[in-house]
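Peer 1: Read top to bottom, the protein sequences are chains A and B.
The first sequence lines up with residues 15 to 841 when you count with my numbering.
The second sequence lines up with residues 19 to 88 when you count with my numbering.
In short, the hints are calculated from the structure, not lab data.
Source: prediction; values computed, not measured.
A few of these clues could be false.
[Said to hold, decoys possible] Covered stretches of chain A (in silico footprint by chain B; criterion: 3 or more residues with CB under 8 Å from a CB of chain B, positions within the stretch not fixed): (1) 108 to 119; (2) 122 to 134; (3) 233 to 240.
Glycine included, every Cβ here is placed at the ideal spot set by N, Cα and C.
Chain by chain, the residues run as shown.
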Amino acid sequence: MIDTLSAPAEPTVAPDTPCAHCGLPVTDAPVLQHGHAFCCTGCAVVFDALSQAGLDGSYYRVRALDTSAARPAQAVAPDAHVLAEMDTPRFLAEETTAVEGGDRRVTLFVDGVHCAACVWLAERLPAELDGVHAARLDLAAARLTLTFDPLRVPLSAVAAWLARFGYDARPARQAATEGRTAAERRMLTKMGIAWALAGNAMLLAFAFYSGLSVDTDGGLAHFARYLSLALATASVAYAGMEFFRRAWASIRFAWHDRSLARLHMDVPISLGILVGYAQSAWATITGHGEVWFDSILVLTAALLTSRYLQLRARRLAGEASDRLLALVPALARRVEHDGTEALVHADELAHDDRVLVQPGEVVPVDGRVVEGASSLDNAVLTGESRPEAVRSGERVQAGATNLSAPLVVAVEATGDATRVGQLLAFVRAADAARAPTALLADRLGGWFVGTVLILAAAAFLLGLPHGPDVALHRVVALLVISCPCALGMATPLAFAVGAGRAARTGLFVKREDAFEALPKTTAVVLDKTGTLTEGRMTVVETAGSAEALALAAALERTSLHPIARAVERAAPPNLPNATDVTAEAGSGLSGWVGGRFVQVGRPAWIAASDPQSLADALDRFSADGLTPVAVAVDGRLALALGLGDALRPEAPAFLKRLARDGRTAYLLSGDHPSVAARVGAALGLPEERVLGGVSPEGKRAFVERLAQTETVAMVGDGVNDAAALQAAHVGVSVGGGALAARMAAPVFALHPGLAPLERLFDGSARVMGAVRAGLALSFAYNVAGALAAMAGLVTPLVAAVAMPLSSLAVIGIVIGQRSFGRATAGS
Amino acid sequence: MGNAPRGVSTLALPPVTALFLLIPAALLLAGLGVLGFRWAVRSGQYDDVRTPALRMLLDDEDETSPKPNG
Chain A
15 MIDTLSAPAE PTVAPDTPCA HCGLPVTDAP VLQHGHAFCC TGCAVVFDAL SQAGLDGSYY
75 RVRALDTSAA RPAQAVAPDA HVLAEMDTPR FLAEETTAVE GGDRRVTLFV DGVHCAACVW
135 LAERLPAELD GVHAARLDLA AARLTLTFDP LRVPLSAVAA WLARFGYDAR PARQAATEGR
195 TAAERRMLTK MGIAWALAGN AMLLAFAFYS GLSVDTDGGL AHFARYLSLA LATASVAYAG
255 MEFFRRAWAS IRFAWHDRSL ARLHMDVPIS LGILVGYAQS AWATITGHGE VWFDSILVLT
315 AALLTSRYLQ LRARRLAGEA SDRLLALVPA LARRVEHDGT EALVHADELA HDDRVLVQPG
375 EVVPVDGRVV EGASSLDNAV LTGESRPEAV RSGERVQAGA TNLSAPLVVA VEATGDATRV
435 GQLLAFVRAA DAARAPTALL ADRLGGWFVG TVLILAAAAF LLGLPHGPDV ALHRVVALLV
495 ISCPCALGMA TPLAFAVGAG RAARTGLFVK REDAFEALPK TTAVVLDKTG TLTEGRMTVV
555 ETAGSAEALA LAAALERTSL HPIARAVERA APPNLPNATD VTAEAGSGLS GWVGGRFVQV
615 GRPAWIAASD PQSLADALDR FSADGLTPVA VAVDGRLALA LGLGDALRPE APAFLKRLAR
675 DGRTAYLLSG DHPSVAARVG AALGLPEERV LGGVSPEGKR AFVERLAQTE TVAMVGDGVN
735 DAAALQAAHV GVSVGGGALA ARMAAPVFAL HPGLAPLERL FDGSARVMGA VRAGLALSFA
795 YNVAGALAAM AGLVTPLVAA VAMPLSSLAV IGIVIGQRSF GRATAGS
Chain B
19 MGNAPRGVST LALPPVTALF LLIPAALLLA GLGVLGFRWA VRSGQYDDVR TPALRMLLDD
79 EDETSPKPNG
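Produce the entire structure from the sequences given, and follow the hints as far as they go.
Peer 2: Here it is, written out as structure tokens:
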């Protein structure tokens, strides 16, 4: 019963014709313009903008060169408030830095950049706009660094120029990214130095492996040993500190808890490095015994490399969450006492100030309406997809979008004091407070330390008959060779590789424990609006003439109301023009189209009940939980529409799959219980697992309760789910809702729909498979190494060969993992 | 650093005093390399390793073309 009404297709264009801009099939509702076919108006607008600016030739040529290209940007409407904020003196002072010649430098996040052609287009800014002096785009981070003269070109003009080509530019709040870049650079330097020290120590060790010996040629051998000692001291003190610090923290933690299980994998790593170093230093100074410098230095460098890659993978996902854009505009139109309006920062507003909210704008504060009547889209906060009518005296909340008429609101709360502000504050706090879960390999740390110590004792006892020197040598050999290098690398590397591949398919995994938790998930809590459904009003049922649909759409084109948008989407392109359109808030529109009088709106407002069949259809739609809309032409009913939030086409298959995998699905919705029940029934969910009318706080409580007995994955979008996403073991936000809200989740998908979720479940299982294979291999290596050491077979040369080999084998397994295949990229 | 193994092959001969100079010299060179690497990291050359690869696909042909948007 739920099916989008498809517009009549143009007979000349096949549905699989590639869109002239993005190359995706145009499907059965193409947009035809200038003899080209497009999949949507967004693509058509960008194509138009490119050709008008004379940039189309180079853009499409450069894009064809870049095989990594996913889907190009579609036109976006720049947010008026964001543009206005960029030009305020306060923004210039806080978010830009001065460079020579009076210019300012600013970093913008640019959503929608994805390939070489985007780099080309964005870096053409200096040639296109006077006053922009330099533009550099960092594609992976989607950051554009601009040098510009604020006196000659306002930043808003730059953002507007980018928006014409489908790039949504927002100010990048700097502080957070700078700390991360510094940490990453520090780690990279450390890694480089560790490898340089290890390489040189290895070359010196070759001399010993080839026969250089303290006994035959004393001077040179001692010289080489002391040089190695110097290199090793530098490496252990500088690079090894990375492990010692974490090992020490975990030892103190374990001491405090009196539990060996608290010991971290860094403990055996540090133990191996320190014992190997101490023994080798002793041997160098006394001139007796063996040196292991090269093995421990290579080990340190290799482990640092995996740490660095992990950090880098985390940055990719983390940087995306810096784009946590203000959901609530930073600026508000304050109505002054003399009746003029002024743009001010929302945090400068005082209680009871009057704020004007134009149609299409987001309400910046919590407050009471003092003037005007309109309808609001409150989906951000409640998940309710139907617009809500507000009148003078009623409350409005920050984050809601004003749809039809100007409102004057008396301020009651701003910023973090608003309801949406409080929700976001909870999410931020929960995100920061959540201790990083010990990963699988780390949990084995205590067990590992215990085993190694027992084996070392056994090695000592077994060696004693050969003399205490031999026994001690075997213990050192055992501790060095069973230093869990491969084990320590397997998990971080597997996660880094998995997260990197996932990011390429538009899935950002910000917390690695998500990979571990996902395959174990037993309960999946799904939000309704925007997750299982499209998240917007769509014409789902229709009765009456197709001609009336075009007439209605011609009227509705003039309105921002979601019902109007839905009607326009359902209608064929190339609509006639409407004149004398008048809107009655909360009721509908009327006007003239081609000499005929057309009314679109609530059936009660239209007040025509002729013919009876259409009036009956309207009643039926409303009984089904749909929003009925009547269209009258010249005073007579011509069309009955039933609007609702259509189910995503892939939703039933997804739920079947969850059931097959043995996961229980729950449906939570802020929408009216009857609407939730209708969707639940359409999906075949049992009634007790479908809950409607749940507040954001209620969703969080539900997930917290469920998480006590099950491993819960929460899937949602929007701010109303944000708290629940944090409370679950894994929170996944999917496309559809506000980007800013999605990015607060531990895992978020760039693309709408449920397909990314399936990829996520499959991919995490594969990542965990690679982790387990890597762990098993390195365990086998460690057992073999320990046995060989006990038998006295391990010499520095054996260690120098066996240790890197085992690490390479693990790296091979982990990098070869078949997670998140690229075939589905750029959906 | 290729000198170290060669020194080994002359084991039967009297100690090669040149190695006492050559090894530290090689280490010094390696140290210079490390300094260069540190400079490259600090100046941000490793921050973005993807875009420059694409940038070379672009030509500078349009420098003199008229400005449609002024």
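Peer 1: For each hint given before, does the structure comply? Return the numbers of the non-compliant ones in rising order.
Peer 2: Of the numbered hints given earlier, the structure breaks just one, which is hint 1.
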